[in-house]
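Protein chains in written order, with my numbering: chain H, 1303 to 1417; chain G, 2 to 113.
Hints are computed from structural coordinates only; laboratory data are not their basis. Keep in mind that the hints are not guaranteed to be accurate.
Straight-line C-alpha distance at most 16 Å; calculated EDC-like pairs for lysine to aspartate or glutamate [what the hints assert, rightly or not]:
#	chain 1	residue 1	chain 2	residue 2
1	H	Lys1305	H	Asp1330
2	G	Lys43	H	Glu1410
3	G	Lys43	H	Asp1340
4	G	Lys38	H	Glu1405
5	G	Lys72	G	Glu95
6	G	Lys38	H	Glu1410
7	G	Lys43	G	Glu84
8	H	Lys1359	G	Glu3
9	G	Lys23	G	Asp50
10	H	Lys1372	H	Asp1330
11	H	Lys1305	H	Glu1397
12	H	Lys1372	H	Glu1332
13	H	Lys1355	H	Glu1332
14	H	Lys1305	H	Glu1410
15	G	Lys23	G	Glu6
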Amino acid sequence: DVKVTQSSRYLVKRTGEKVFLECVQDMDHENMFWYRQDPGLGLRLIYFSYDVKMKEKGDIPEGYSVSREKKERFSLILESASTNQTSMYLCASTEWGGPNTGELFFGEGSRLTVL
Amino acid sequence: GENVEQHPSTLSVQEGDSAVIKCTYSDSASNYFPWYKQELGKRPQLIIDIRSNVGEKKDQRIAVTLNKTAKHFSLHITETQPEDSAVYFCAAKEPGANNLFFGTGTRLTVIP
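The following block holds chain H by itself, in its conformation from the complex:
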């Protein structure tokens, strides 16, 4: 089974703090994603990466950056956390051309609260 692991389930940070959310997948997937989930707004794509060191902006990249130094790890960085970044963050991975083509495998989510 594919496993996508997010480092923290719950985080509480203060405004202005730097926040790192880590995601690791164990299926050698090339594509990894960071989504933000808010009630009524669904899953909004922040950034995605289709290869090591490659990244592309999603729908809401402002205030976020990402890092993909190794294939299995995709990090989301909030340089200076703000209260409007309080949300659930979901990481996902997939291999478009693989045996489970098209299936996104999600992590359990990281609920971030910024005070």
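Given the coordinates of chain H, assemble chain G onto it according to the supplied hints.
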């Protein structure tokens, strides 16, 4: 880019009744349409998908239909059960794209 709209945002049905969730997409080139189910406190998981060369696909009580001309696709759940209660997301993918475009989700409640 692609734009996916999903309706309704909430849906309540009696146990045993059918539920239908509809999505429309904007890019006629999109060719892959998955549906994800997210139970309370859990991660979204793929429940069914359809590709543009097929008009309908069934998996037990779940079916998805695709109308390419009208650019819409629907999820049908028959004989609903309380464990079907969840948030359902539709999505669409354009050929060659590396990401999915999600709808805003439908919260389905099955009333026992």
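Structure-based check of all given hints:
As the CA atoms of H:Lys1305 and H:Asp1330 are separated by approximately 11 Å, the hinted pair is consistent with the 16 Å bound. For the given pair, G:Lys43 sits about 6 Å from H:Glu1410 by alpha-carbon distance, which is consistent with the 16 Å threshold. Between G:Lys43 and H:Asp1340, the direct Cα distance comes to roughly 14 Å. Compliance with the 16 Å bound is thereby established for this hinted pair. For the hint linking G:Lys38 to H:Glu1405, the alpha-carbon distance of about 12 Å falls within 16 Å, and the restraint holds.
Restraint check: the Cα-Cα separation between G:Lys72 and G:Glu95 comes to about 13 Å, which is no more than 16 Å; the hinted pair holds. Restraint check for G:Lys38 and H:Glu1410: the C-alpha separation of about 13 Å stays at or below 16 Å, so the hint holds. Of the pairs offered as hints, the one joining G:Lys43 and G:Glu84 holds, with about 13 Å between alpha carbons and a cut-off of 16 Å not exceeded. Proximity of H:Lys1359 to G:Glu3 is assessed by CA-CA distance (about 15 Å); at most 16 Å being required, the pair is judged to hold.
Restraint check for G:Lys23 and G:Asp50: satisfied, since their Cα atoms lie roughly 14 Å apart, inside the 16 Å limit. For the hint linking H:Lys1372 to H:Asp1330, the alpha-carbon distance of about 10 Å falls within 16 Å, and the restraint holds. Restraint check: the Cα-Cα separation between H:Lys1305 and H:Glu1397 comes to about 13 Å, which is no more than 16 Å; the hinted pair holds. The suggested pairing of H:Lys1372 with H:Glu1332 holds, with an alpha-carbon distance near 10 Å, which does not exceed 16 Å.
Note on H:Lys1355 and H:Glu1332: the hinted pairing holds, with a Cα-Cα distance of about 11 Å set against a maximum of 16 Å. A hinted pair counts as satisfied when its Cα atoms are at most 16 Å apart, and H:Lys1305 with H:Glu1410 qualifies at roughly 10 Å. Taking the CA atoms of G:Lys23 and G:Glu6, the gap is about 8 Å. The hint holds against a cut of 16 Å.
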